[in-house]
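> Here is how the chains run, residue by residue.
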Amino acid sequence: MDKGLLAYLLIPLFSALVIPFAARGREKLADILANVTLLAGLVNLLWLALRPSVIAGGFEEIPGDGLSLLLVTAIYLVAFCVTFFSAWFVPAGMPNRRAYYSLILVSVAAMTGVVTAADFFTLYIYIEVLAVTSFALISTDDSPKGLEGALKYFLLSFPASALILGGIAVLMMTLGSLSYDNLHIFMSSDVPAGPVVFGAALMMLGFLIKSGVAPFHMWTPDAYQGAYAPVSAHLAGIVTKISGVYAVVRMASLLRFFDGRAQGLSALLMLLGLVSIAVGALAALRQTDLKRMLAFSSISQIGYIILAAGLGTPLALIGAVFHLINHATFKTVLFLNSASVEKATGTTDMDKLGGMEHAMPWTSWTSVIALFSTAGVPPLSGFWSKLLIILALWEAGLKGYAVIALLFSTVTLAYFVMMQRKVFFGKKSDAAAAATEVSAPLLAPAVLMSAAIVALGLLFPYVFSYLKMMAGRIIL
Amino acid sequence: MNQFAIDWYLIALLIFTGLYCMLASRSLVRQLVGLEIVSKGAMLCVISAGAYSNNIVFAQAILITMIVIEVVVVATGLALLVKNFRVNGSADVWQLNGMKG
Chain U
1 MDKGLLAYLL
11 IPLFSALVIP
21 FAARGREKLA
31 DILANVTLLA
41 GLVNLLWLAL
51 RPSVIAGGFE
61 EIPGDGLSLL
71 LVTAIYLVAF
81 CVTFFSAWFV
91 PAGMPNRRAY
101 YSLILVSVAA
111 MTGVVTAADF
121 FTLYIYIEVL
131 AVTSFALIST
141 DDSPKGLEGA
151 LKYFLLSFPA
161 SALILGGIAV
171 LMMTLGSLSY
181 DNLHIFMSSD
191 VPAGPVVFGA
201 ALMMLGFLIK
211 SGVAPFHMWT
221 PDAYQGAYAP
231 VSAHLAGIVT
241 KISGVYAVVR
251 MASLLRFFDG
261 RAQGLSALLM
271 LLGLVSIAVG
281 ALAALRQTDL
291 KRMLAFSSIS
301 QIGYIILAAG
311 LGTPLALIGA
321 VFHLINHATF
331 KTVLFLNSAS
341 VEKATGTTDM
351 DKLGGMEHAM
361 PWTSWTSVIA
371 LFSTAGVPPL
381 SGFWSKLLII
391 LALWEAGLKG
401 YAVIALLFST
411 VTLAYFVMMQ
421 RKVFFGKKSD
431 AAAAATEVSA
441 PLLAPAVLMS
451 AAIVALGLLF
461 PYVFSYLKMM
471 AGRIIL
Chain Z
1001 MNQFAIDWYL
1011 IALLIFTGLY
1021 CMLASRSLVR
1031 QLVGLEIVSK
1041 GAMLCVISAG
1051 AYSNNIVFAQ
1061 AILITMIVIE
1071 VVVVATGLAL
1081 LVKNFRVNGS
1091 ADVWQLNGMK
1101 G
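Chains as they are written, first to last, in our numbering: chain U, 1 to 476; chain Z, 1001 to 1101.
No wet-lab data here; the hints were simulated from the structure.
Treat the hints loosely; a few may be bogus.
As the list claims (entries may be wrong) - As a list, the in silico DSS-like pairs of lysine-lysine whose alpha-carbon atoms are at most 27 Å apart: (1) Z:Lys-1083 to U:Lys-343; (2) Z:Lys-1040 to Z:Lys-1083; (3) U:Lys-343 to Z:Lys-1040; (4) Z:Lys-1100 to U:Lys-352; (5) Z:Lys-1100 to U:Lys-145.
What the hints assert, rightly or not - If the Cβ cut is set under 10 Å, some of the chain U residues that face chain Z in the computed set are: (6) Ile-125; (7) Phe-135; (8) Ala-136; (9) Leu-151; (10) Gly-166; (11) Gly-176.
Just so it is clear, CB atoms sit at the ideal spot from N, CA and C, and this is done for glycine as well.
In isolation and in its complexed conformation, chain Z is listed as follows (with noise of 0.2 Å):
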């Protein structure tokens, strides 16, 4: 087995945990936790690609890019979560039925 099936069967361990983590919980922020997770191992699935096919430089420097760009997108997802907590009073997923139909 090479060093990249390695790589590979990690990363799948990874994004399985993360969705795991989404199905088996019910608060929002351990849902955003699985969320990050999963989006991590798909970080991590380009970092690989790019060392796999000699093309690291390529793949580093878009991976900063996404970091960056997660970043902002969580920050955006951790403000939604305390929003609704002050407004709505629950971090609760299953609370999230105002809307029927």
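Chain U with its partners taken away, still in its complex shape (with noise of 0.2 Å):
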């Protein structure tokens, strides 16, 4: 654990017990308890990772190894942005308002302890904690889709589960130890490696069922579907990404793929984090609902990551944090920006939607800023990160799977405009004609995340020294 980040995880957690009882009868009590609570610990971060003084010294005053930091000041982003949007997007009247708020700062807390974790046992209680705060925040609703969604999820990642902890049983066999510096120091050694490869093999099965990669993505696309409009948001946007992708991103650079000690294991992770790009991006271009696309898109992104994480060298895996950081920005965006026009027209079926653009202008452009950041137009900031996944595989001698990940990145492109002409450009359709733009706190948080798209694109050299810090102390 490292212990420098615990306030992030115990003040969300008191924030979350003292809503239910501070907040009843007072329930404008609980959205602003919870907003306090997730921008004072942003603030925090911010100040603790760029400061002058820190950003002239090359960041190598950052505690720990950079990575928890990064990934905690990404969840607060995503939690603050979901939290301020759902204040003013929940309606007045709904019973279970201090719950709702209650569940995301305790899946907040529970996303702090994953990412600040140091041995496997802590990684899969947090996971355990953060997956029943999704279930139960899927079906924040009661709508029959989130329940199906909820038991969908619930179905596939209790399984998932099981094949972690059969993953800790051969770890504790062949290495005596669960920690993450035990297995670091083991895999530089000379000894076989095999076995211990297998346990790990084991564990990182599970979490690409919990990561939604490609042969398991089929809980995916229903469980962001039939979530209530901001939680689809807050679950795209970090929780699935922390509780899979990270832990699989971990993995790699604990198993030093890039000497070649876990071949096999390598070569699979890469051919899967492949077919994820493929399917997520071919099935993307035939959906109707604008929320199942944006779902099928996540999964073509994570593919992104996940290819990088099985490449495994320091620029991949600085591709990889990267482009994770990057995912989260952008699907926030576009998830909170489906909210936004459900709210305004009551559907999300595109071939219902046309012609918004007038009427919801903030909308529309925010959409196109993300659009263009996922599908890599320089400058923005998922220009880099693909880039710098696309280089790393070609360095590494796979022209192969450098040229694929460049050709979907286009079909990236191909299902984004199209989603774009369908709903905001083209005629305006009957379920238009009568919406306006939402109200400005339901814009700002895209506004906000879309500033930080061109920001963290334009800032690149920052971006890349701090990344560069982190990848020598994660890989060494």
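Take each chain as given, in its own frame, and dock them per the hints.
Written out as structure tokens, the structure reads:
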């Protein structure tokens, strides 16, 4: 456990305990408490990472391994956007408003626990806590679709937990310990690594199911589509990324894929990443529901992260972590915008929408920024992370993989332009005729995240120096 | 055949029983029972591994925590099942087909 970041776990947890009691009868207080907790944490974290003396020193003063701090900042940023959005989105009479904010804060605490854990057992515990809060959050509004999505998520993530337990057992037998450091030291030695890698592979399979990579992706679109609108932004933006993809990236760095000690696992991971990119992008092309299309796009983007993690060179890990952060920013914008569209028109069916551009200009243009970032249009942040991943693949001699990854990047652009044309451009449909732009507080999170996308892209040299420092610490 | 080989043979049997239970039944409740059996098999793996590597105290400590965590997960799953039955009026796994594409 990274003790420097413990406060970011405990304070949301405390807030989550206080809200149900303090806000009884005063519903607005729940909004305020949740938002203030997350905003204070976010400001604190930004000061920790971005105060002038730290930037001038090339980020060498950052405590811990740098990865935890970066991801905790991303968690707080996304969660703050979601709670801020929810404060105006959730209707006033909703019976379980206090429970909703409590659950979001517990999930923030659990995610902070996941990224600061230093052994596999702690990781497993926090991932289970996170899963429990997600089941409850998906079915917030008691809709049949939400319950169906939550059940599917439950039925697939439970066996994944059993696989992780099996992996923990094998690691305990072969390695005798569950801490990250021991695994890292073992992989740097010359002892034959077969049984340990088998245990790690079992765990990794569990994490791949939880992150929704291609052959195990069946729960992802249903859970995202069925979930209550702001929750789907929370879920797609950060929860599944932390509970699955982060663990895969962390294990890739611990298993030292780049020096060929776990060649088979590395090759398998890269293949799954590539399949995921292809399946997600091709399925997204033929969706008619906005949220479902975004979910398939999410599967495709996760494929890039898994592909880079499977390669495991320092450059590829930098690309993977940066794409993880970027995915959090642009997917949050897109899902929050889909929630705004749903609020304005009452539907997310793309065939019924159309011509929303004049009615909802802000929503339309933040969507354009986010989708360009996803597709990798320079100078937005998504361009840099995809460039790093493709460069790393090319450098490792895997030219076929690099070319396919590049080709599917254009498919990404194709389905997003199609989405934009169907929803925002073109002729006004019946559903769009009566729609007006949602209120300013609902737009603020999307605008903030779009600003973050542009800033991360334009200030890439600083971002890269941070990521280089981080890669040096987590690999060596 | 030593004692641990028998352990792991039985564990494998248990896990496949659970998986068969999941595959063969349409009822969501039975799916959950199958999942429980699989997860109990995985827990037995942990305790057997601890005994094998002379690490039994550590294994017991983490196993107790795992049981607590699992109870929470199962309770949430059961709550979802009950709510699903109230809203959709069925506990059939093939009825979970509201979303397509």
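> Determine for every hint whether it applies to the structure shown.
Structure-based check of each hint:
For the suggested pair Lys-1083 (chain Z) and Lys-343 (chain U), the alpha carbons sit about 25 Å apart, so the restraint of at most 27 Å is met. Proposed proximity of Lys-1040 (chain Z) and Lys-1083 (chain Z) is supported: the alpha carbons are some 25 Å apart, at most 27 Å. Between Lys-343 (chain U) and Lys-1040 (chain Z) the alpha-carbon distance is near 44 Å, which puts this suggested pair outside the 27 Å criterion. Between Lys-1100 (chain Z) and Lys-352 (chain U) the alpha-carbon distance is near 17 Å, which keeps this suggested pair within the 27 Å criterion.
Taking the CA atoms of Lys-1100 (chain Z) and Lys-145 (chain U), the gap is about 11 Å. The hint holds against a cut of 27 Å. With 10 Å as the threshold, the beta carbon of Ile-125 (chain U) comes within range of chain Z, its nearest partner Cβ sitting at about 6 Å, so the hint holds. Annotation: Phe-135 (chain U) was flagged as interfacial toward chain Z, and the flag holds, the nearest CB pair being 5 Å apart, inside 10 Å. The interface hint given for Ala-136 (chain U) is met, as the beta carbon of that residue sits about 7 Å from the closest beta carbon of chain Z, less than 10 Å.
With a least beta-carbon distance of about 6 Å to chain Z, the hint placing Leu-151 (chain U) at the interface is held under the 10 Å criterion. Taken as an interface hint, Gly-166 (chain U) checks out: its beta carbon lies about 5 Å from the nearest beta carbon of chain Z, inside 10 Å. A least Cβ separation of about 6 Å between Gly-176 (chain U) and chain Z falls short of the 10 Å threshold, and the interface hint therefore holds.
When held up to the earlier numbered hints, the structure conflicts with hint 3 and nothing else.
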